[in-house]
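Engineer: Could you build all of it, start to finish, from the sequences and the hints given here?
Order-wise, the sequence lines are chains A and B. Numbering of the first sequence is given in the numbering used here, commencing with residue 6 and proceeding in unit increments. Numbering of the second sequence is given in the numbering used here, commencing with residue 2 and proceeding in unit increments.
The reader is advised that the hints may include incorrect statements.
[Claimed, not checked] Straight-line Cα separation of at most 16 Å, EDC-like style, residue types lysine to aspartate or glutamate; simulated pairs:
#1 A:Lys170 x A:Glu62
#2 A:Lys242 x A:Glu290
#3 B:Lys142 x A:Glu674
#4 A:Lys192 x A:Asp165
#5 A:Lys216 x B:Glu70
#6 A:Lys95 x A:Glu62
#7 A:Lys713 x A:Glu476
#8 B:Lys142 x A:Glu672
#9 A:Lys170 x A:Asp92
[Said to hold, decoys possible] Residues on chain A that point at chain B, a partial pick, calculated with CB under 7 Å:
#10 Pro186
#11 Phe246
#12 Ser249
#13 Met347
#14 Asn658
Hints listed in this document are in silico derivations from the structure and should not be mistaken for laboratory results. Ideal Cβ positions, reconstructed from N, Cα and C, are used throughout, including at glycine.
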Amino acid sequence: MSTLQMERREFLRFSVAVSGGLLIGLYLPGADRLAVAEDRSGSVFMPNAFLRIGTDERVTVIVNHSEMGQGVYTALPMLLAEELDADWNKVAYESAPVDPKYNHPVFGMQITGGSSSVWSAFEQYRNAGAAARAMLIAAAAQRWNADPATLRAESGVVLDGTNRKLSYGQLAEAAAKMTPPAKVTLKDAKAFKLIGTPVKRLDTPEKINGKAVFGIDVKNPGMLTAVVARAPVFGGKVKSFDDSQARSMPGVRKIAAVPSGVAVVADSFWQAKVARDAVRIDWDEGEMHAFSTSQMMQQFREQAKSPAKSVRRDGDPDAALAQAAKKIEAVYEVPYLSHLMMEPLNCAVDLRADSCEIWTGTQFQTVDRAAAAKAAGLPNEKVQIHTTFLGGGFGRRATPQSDFVVEAVHVAKAAGVPVKVVWTREDDMQGGWYRPAFLHAIVGSVDASGNPVSWRSRLVGQSIMSGTMFESMMKGKEYDPASVEGVDDLPYEIPNLAVESHQAEVGVPVQWWRSVGHSHTGFATECFIDELAALAHRDPYQFRRALLTKHPRHLAVLDLAAQKAGWGKPLPKGRARGIAVHFAFESYNAQVAEVSVTDGKVRVHRIVSAVDCGHYVNPGIIAAQLEGGAIFAASAALFQELTFENGRLQQTNFHTFPVMRMNECPEIETHIVESNEKSGGIGEPGVPCTAPAIANAIFAATGKRVRKLPIRMTEAV
Amino acid sequence: MISFSVNRQGVNLDVDPSTPLLWVLRDNLGLTGTKYGCGMAQCGACTVHLNGEAVRSCVAPVSRAAGKEVTTIEGLSPDMSHPLQRAWIAEDVPQCGYCQSGQLMSAAVLLRENPRPSDDDIDQAMTGNICRCGTYPRIRKAIHRAAGLMSTGGAK
Ligand code: FES
Ligand code: FES
Chain A
6 MSTLQMERRE FLRFSVAVSG GLLIGLYLPG ADRLAVAEDR SGSVFMPNAF LRIGTDERVT
66 VIVNHSEMGQ GVYTALPMLL AEELDADWNK VAYESAPVDP KYNHPVFGMQ ITGGSSSVWS
126 AFEQYRNAGA AARAMLIAAA AQRWNADPAT LRAESGVVLD GTNRKLSYGQ LAEAAAKMTP
186 PAKVTLKDAK AFKLIGTPVK RLDTPEKING KAVFGIDVKN PGMLTAVVAR APVFGGKVKS
246 FDDSQARSMP GVRKIAAVPS GVAVVADSFW QAKVARDAVR IDWDEGEMHA FSTSQMMQQF
306 REQAKSPAKS VRRDGDPDAA LAQAAKKIEA VYEVPYLSHL MMEPLNCAVD LRADSCEIWT
366 GTQFQTVDRA AAAKAAGLPN EKVQIHTTFL GGGFGRRATP QSDFVVEAVH VAKAAGVPVK
426 VVWTREDDMQ GGWYRPAFLH AIVGSVDASG NPVSWRSRLV GQSIMSGTMF ESMMKGKEYD
486 PASVEGVDDL PYEIPNLAVE SHQAEVGVPV QWWRSVGHSH TGFATECFID ELAALAHRDP
546 YQFRRALLTK HPRHLAVLDL AAQKAGWGKP LPKGRARGIA VHFAFESYNA QVAEVSVTDG
606 KVRVHRIVSA VDCGHYVNPG IIAAQLEGGA IFAASAALFQ ELTFENGRLQ QTNFHTFPVM
666 RMNECPEIET HIVESNEKSG GIGEPGVPCT APAIANAIFA ATGKRVRKLP IRMTEAV
Chain B
2 MISFSVNRQG VNLDVDPSTP LLWVLRDNLG LTGTKYGCGM AQCGACTVHL NGEAVRSCVA
62 PVSRAAGKEV TTIEGLSPDM SHPLQRAWIA EDVPQCGYCQ SGQLMSAAVL LRENPRPSDD
122 DIDQAMTGNI CRCGTYPRIR KAIHRAAGLM STGGAK
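Structural biologist: Structure (structure tokens):
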């Protein structure tokens, strides 16, 4: 069975943001031929690009997605090991080099994004395992002079009817001589032993003893460390600089202008950083020198008053609004946000006359390699990227401009020796490519009996595709699909519906941030449906249920979350619940938040999150992603905002852009719907519901509506 | 010359005494398990033990370590046998893993001082350690589990 065709089509519909990858073929001409993962273990059986088996029994799975915390170094090996019937204790992982063999089967390039790793690998990795298994069985059949059909494989050994055994290690050499099968049969889901079970993560040991190598830990012979002074304002350029003091500081080897600023190269990070701070730079600040987010939001509010590009139009929303029995208007605002990966950006480069090697934690190997090749003046195939562990990604490490990789190539060129560019936390936060600020002006109405009649959403915000290689995804649309995803497919049954999009042109670099457009559309739509429920004097859970009768998967997660959270049951005094449901990245999520508000301070006590992500692979990892997604989203909802004055970012580090901490963290309960539908995503779908569930709970607790993030009770209405 | 011990090995280094201990560990000694997250005592990623106390090595000048004993994540146990490491595996704590060295080093001091910590004790001890991936619920469970392992003789 192949679901790839369907997946491709549906993916295009739902996750346009990254599906722009389909265009990459045009952007990156030519096929490249680089080696498959090099063999470091003396493995002898390498039936395909995804697998090696050694005479030592070790099964090494080569993973074509980046491990940024979401568990691909466990989930993808599980898929392969399942069909291989491997001994799970012998399974190891390795990151894939850049090679078209490792392209995302749907996006056509190497990328980790769109919550797509597991579903895109679901058959790819199982096929790889099944093919190898057939070859191992064929090798055993030859050895025993038996009919392969009489043999079976189990936990790393091939057995015959009399339970005679040969291990995969013993068979590896002979299996390497077998012809790969033209066709493989995959197991029936009922026969799965690994898939669907909470197998422990394979990468935990090296993450708790200091051995795991992140990009920032890379150390190559002769390598120096560089810190770059970048413009304090987006679009700024170096006019002149004075490095007389910095040049003579200890450890400093080179100070040079690079396209992004001034690079200081030294023996160690600290020496480079101290010297970088001592370089005096005169900047041409460019057009953004007076930029202010408060002015920008004022303009957004004005813009929202006029009609915009139509995204969706059902019925006649204007007429319906004009005749409405009861209507309500609300303006929701969300700020720019930093991805704020725990590991600040970094990139190590060894640039030679005829080759370039790069070590970094990236989500975007194909694009980064092409960009690095261009910067280095080398053909693509002369550039290789070694993907390290990523200390978080959340979309920042998949930058269409490959900013941190290209810059490091320029620094290496200037330095003339291998370098690692390390960004300070402040550099990272000020480095741009944020989640764009957005405004949603929504007006809706209900009839005399409380049924919704109309809804008009008007969005104002920057496009993440405009000006990038993904721009052609917008062709013929006049709006960025990634801006409106999650509102353009509003599931509620409302006869008159309009969605309109104003594309703001602002010089702040923006891009995808965990859950992309859903990060703001989920907030605005799920808060507004709650406002309509209040207008209709209905229970917000029941109100949603009545409008979702044609959406059984939405309903199922909504019901599960409500039931597990004890919706309607009494709570300690001062506490209240809020609910939200949203579909994103092929998965359905509903959350119920329990909050209290004391002296204007919001405390989230508990979050119950229910997901339907189709056929799932590792429920332990899914629970972790739902927990992490809720905490990531709650941090944004409660604390985070990037603001600009005079073109300068006002936030610098964790004290001004806080992240939720242990003492603020709610209890989180996760539930998974059993499903045989095709697999959906899990890294991002757990994000969109958290902010609206909290905001709706605040309304239930206080009667005040939160329409602006981060939540400040002084701004609630 | 500054002399101190790291994971029970003596080191003598010729470095600027104002250099943060974090960068001496990472760049001079190659002990990259200790991480940089903020450089201003905000996130705890750089937590190490200095004479048994948890310190933020990003703001501790290396001169502060002179004559003292530094323990980093690489020295928490020689063989992953520390009850916290065992509990971390059992609870599948890490996601990206970048904050986890610091989390473990903070938790190790907590457990040594308080073998049966309450949730409030955990909040107190662990609030200085940020995890961007949101592994807090599992860290909490794993600390309780490690406390259990220790009380049943699981500790070495
Ligand atoms: S790096 Fe030291 S506390 Fe953040
Ligand atoms: S596991 Fe990623 S920051 Fe904690």
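Engineer: Which of the listed hints are broken here?
Structural biologist: 4, 5, 7, 10, 11 and 12
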